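Residue numbers for the sequence shown follow the numbering used here, so the first one is 1393 and each next one is one higher.
Worth flagging that the hints you see were computed from the coordinates, not collected in a lab. Just so you know, nobody snuck in bad clues.
Derived SDA-like pairs (lysine to any residue); straight-line CA-CA distance at most 20 Å: (1) 1470 x 1457; (2) 1478 x 1445; (3) 1478 x 1589; (4) 1478 x 1468; (5) 1478 x 1603; (6) 1470 x 1581; (7) 1470 x 1482; (8) 1470 x 1579; (9) 1478 x 1583; (10) 1478 x 1435; (11) 1478 x 1595; (12) 1478 x 1594; (13) 1478 x 1590; (14) 1470 x 1510; (15) 1478 x 1442; (16) 1478 x 1431; (17) 1478 x 1592; (18) 1478 x 1587; (19) 1470 x 1600; (20) 1470 x 1446; (21) 1478 x 1465; (22) 1470 x 1587; (23) 1478 x 1466.
Here are the in silico distance ranges between beta carbons for each label pair: (24) 1467 x 1525: 22 to 30 Å; (25) 1538 x 1598: 33 to 41 Å; (26) 1598 x 1526: 41 to 49 Å.
Since the model is a prediction, treat every value here as computed from it, not as a measurement. Even for Gly, the Cβ is constructed at its ideal location relative to N, Cα and C.
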Amino acid sequence: MTNRRRFFLTLTLALLAHAVAASASGSDSAQARQTLAPVTAADRSIGRADAPVTVIEYASFACHHCADWHQFVYPGFKTRFIDTGKVRFVFRNLPTDPQEIALPGAALARCAAPERFFEVAAVLMRGQSAVLRGGNREDWYGPAIAVSGRTQAQIEACATSPAVEAALARDMDSAEAAGVHSTPTFFVNGRQVTDRSLGGLEVAIRAATAGQ
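Turn these sequences into a full structure, and let the hints guide you.
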């Protein structure tokens, strides 16, 4: 077993243990709260911090619907709304099955330089189908680490740190609190949007802007 494979196996087991514990402890309180956690500096986001509209996505690096959205919708969404200053886009992790793929992917992306997060996410989403079909996970991690702005040693040290475990737990707990149980799920200025197409999100963004 290579060092990288051993590292990600250890990481997966550690994060799986937390995910099971968080699920067991948070389900009852989630039903009572049903609130969307506010965006903070700890979130991974892109776009103007003072943009009039905030779009939050809960996604998983093992979710093929998420991969489709990031490959085929996100580029147009970014050009139309993020690059023009209309939207601040926030990505939160809600790892789904198979969690042995979703959790290490989430940790790897979290450990990238913050300004490289969305580049890493794009690489992981593009490579997802191959790894879900049984491809080598090292071939999936490698290109993501290459664009992360960190060395492999830095990623490995970061990914097993309490800070990253806490960050991923925070995302998962916020999903539970907001009643999110599937991915991808989108919120536009705090309102959940079921139509995740570019047109559907544009309607929601226009409504949010008009309502201000």
